[in-house]
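2 protein chains.
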Amino acid sequence: MRIVITGGAGFIGKKLARALLARGTLMDRHGTIETIRTITLFDVVEADGLPDDPRLETVAGDITDPAAVKALIGARTDGVFHLAAIVSANAEQDFDLGYRVNLDGTRHVLEACRALSEPIRLVFASSVAVYGGDMPAVLDDGTILTPQTSYGAQKAASELLLNDYGRKGFVDGRALRLPTIVVRPGKPNKAASTFASSIIREPLAGQEAICPVTREAEMYILSPRRVLQALTHAFELPAAAFGMTRMLTLPGITVSIGQMVDALAEIAGERVARRIQWQPDPMIQRIVAGWPARFDARRGRSMGFEPDADVAEIIQAHTEDELGGNIA
Amino acid sequence: MRIVITGGAGFIGKKLARALLARGTLMDRHGTIETIRTITLFDVVEADGLPDDPRLETVAGDITDPAAVKALIGARTDGVFHLAAIVSANAEQDFDLGYRVNLDGTRHVLEACRALSEPIRLVFASSVAVYGGDMPAVLDDGTILTPQTSYGAQKAASELLLNDYGRKGFVDGRALRLPTIVVRPGKPNKAASTFASSIIREPLAGQEAICPVTREAEMYILSPRRVLQALTHAFELPAAAFGMTRMLTLPGITVSIGQMVDALAEIAGERVARRIQWQPDPMIQRIVAGWPARFDARRGRSMGFEPDADVAEIIQAHTEDELGGNIA
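Chains as they are written, first to last, in this note's numbering: chain A, 1 to 328; chain B, 1 to 328.
Read the hints as simulated data drawn from the structure, not as lab findings. Note that the structure is predicted; figures quoted are calculated from it, not measured. Some clues are possibly wrong.
Computed spacing ranges between beta-carbons, pair by pair [claimed, not checked]:
#1 Ala-240(B) <-> Gly-324(A): 52 to 60 Å
#2 Gln-93(A) <-> Asp-48(B): 40 to 48 Å
#3 Val-44(A) <-> Gly-290(B): 41 to 49 Å
#4 Ser-302(B) <-> Gly-290(A): 22 to 30 Å
Each computed DSS-like pair below joins lysine-lysine, with the alpha-carbon atoms no more than 27 Å apart [to be verified]:
#5 Lys-168(B) <-> Lys-15(B)
#6 Lys-190(A) <-> Lys-15(B)
#7 Lys-70(A) <-> Lys-190(A)
#8 Lys-190(B) <-> Lys-168(A)
#9 Lys-14(B) <-> Lys-70(B)
#10 Lys-14(A) <-> Lys-190(A)
Over the 10 Å line for every Cβ pair with chain B, so calculated as not near, a few chain A residues [said to hold, decoys possible]:
#11 Lys-70
#12 Val-87
#13 Leu-116
#14 Glu-118
#15 Ala-265
#16 Glu-266
Here a beta-carbon is modelled for each residue, glycine too, at the ideal position from N, C-alpha and C.
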């Protein structure tokens, strides 16, 4: 089996590659367990820091170039995880780049799949950013999409295309709307949501972190571990499991920032939790309040997608996966 | 004021041009009544059969060519009615053409508007084809879009783009989802909905028509007259009237085919209504049953959009506008 991961130099892309290497197999669309022979990580830069494994291949290329994407996804490709994207804040800042990467890039992937003789499986990382503005208190997979960012609009439009290409039999696509990923490894980025990882990641590493929202702010979150499980599970699910639409909001957990910090204090001690500086920023507070926080993810759960049990589990997983079990 | 109409050789485009010529003015975005100085009808072919009026200009060009659209919508353009589209059946048949015209074409229009120094008004003809599949019994503007055709997916994606370009201040866009237009003048086309016009138009003109659905089938319809009113009304509405989203399903009326034929018999006589041959076609019956028939169009009504009073009014308008008041 030959798997392509776009956005392969990103942290989810690399983690997914490691997870697939560890698994060694994926179920194909005929229900057969197939050995993974090649994983191609495609990104603007070559993915680094990966294990020396003959099954891994890195390709530097531009998702906005249809020829590059056609060269990437060819007759020998059995499945694609399409994770490549310009993040929310960046897409808001650079309108053209956002559309080129997040919408046209997805279309190039769909077109490359369409050119193949069989409809291969395509798992697309969408986002709960397809929701915004006036929303019901609790959303579900029947809630109208009302993106309030270019990123959200691009993801929503891409979902429509994926669904239509699927309906036409050009690709066997599945779009997963990812909650806010907590704890992201690495450094803070420019996303408004970056603090949600920082307030756990930095204190655990012995560093201070600023929390720009109050304890009451709520978020809908999912750990990297669960995202990886969801991506492979979505790949392996039979098409019929999705029913009428290939779009799905992943089951996550709704937590207040207070709950997150309390869990941190319980696991790592008050000493660690005190490394958080509370500096409410009205703008970020407002942005976060505009995000959907509560989902009825019954459909996703019935399809076998599982959220984290609680924040403690998320912190534990981060400590194991990123810190070798050590808290500073 | 200089107005551009894309799809200007289509029947709505030409009717809109005539209506604008007759009005002579449009309210601009500052609330000022402005004289219409030029109406440019853009289409793949030059619009014909139009009055000899110095304000009218026809341009043959390709909406899929960004340069042609940029040349069309320039610094002197004050407003655009974007009606150009590949119809549903055609978009289903020619996948690439549908995306090029219905999605890329709309994007070219949005980009041309964005290049201007001010956000001009843009009225976009979307469609209730953005709905399909499993739907609530009564839809409203809060219902999730679930297109089941490429045409519907292209319209839904275009709406997302229009809304996003609007949010960014690049254009002052308004997307109207048109119900099935009854009575379309001219000849039957390949659309599955074509019979809805035929069963009124042909008998009134002394010809037989085939009705492929039973009396119980329901449709959500709007007359050409009301569509024209809606297009100009949407152009003139202040942006604030739209609230959070620029998408709107136009108020139409829900009628059964039986009601349509009964109204025809009442106005034109049993003799005329007997020109309808009832030949139920299971495939068309199924397609029509899959269309949304009932809308709670409260939002549109509150914004001043008006449906036809009843089928009688629609037949009357058709007789006046297309038959000079004469029934064969």
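Exercise for the section: Please name the hints from earlier in the document that this structure breaks, with their numbers sorted from lowest to highest. Expected result: 5, 6, 7
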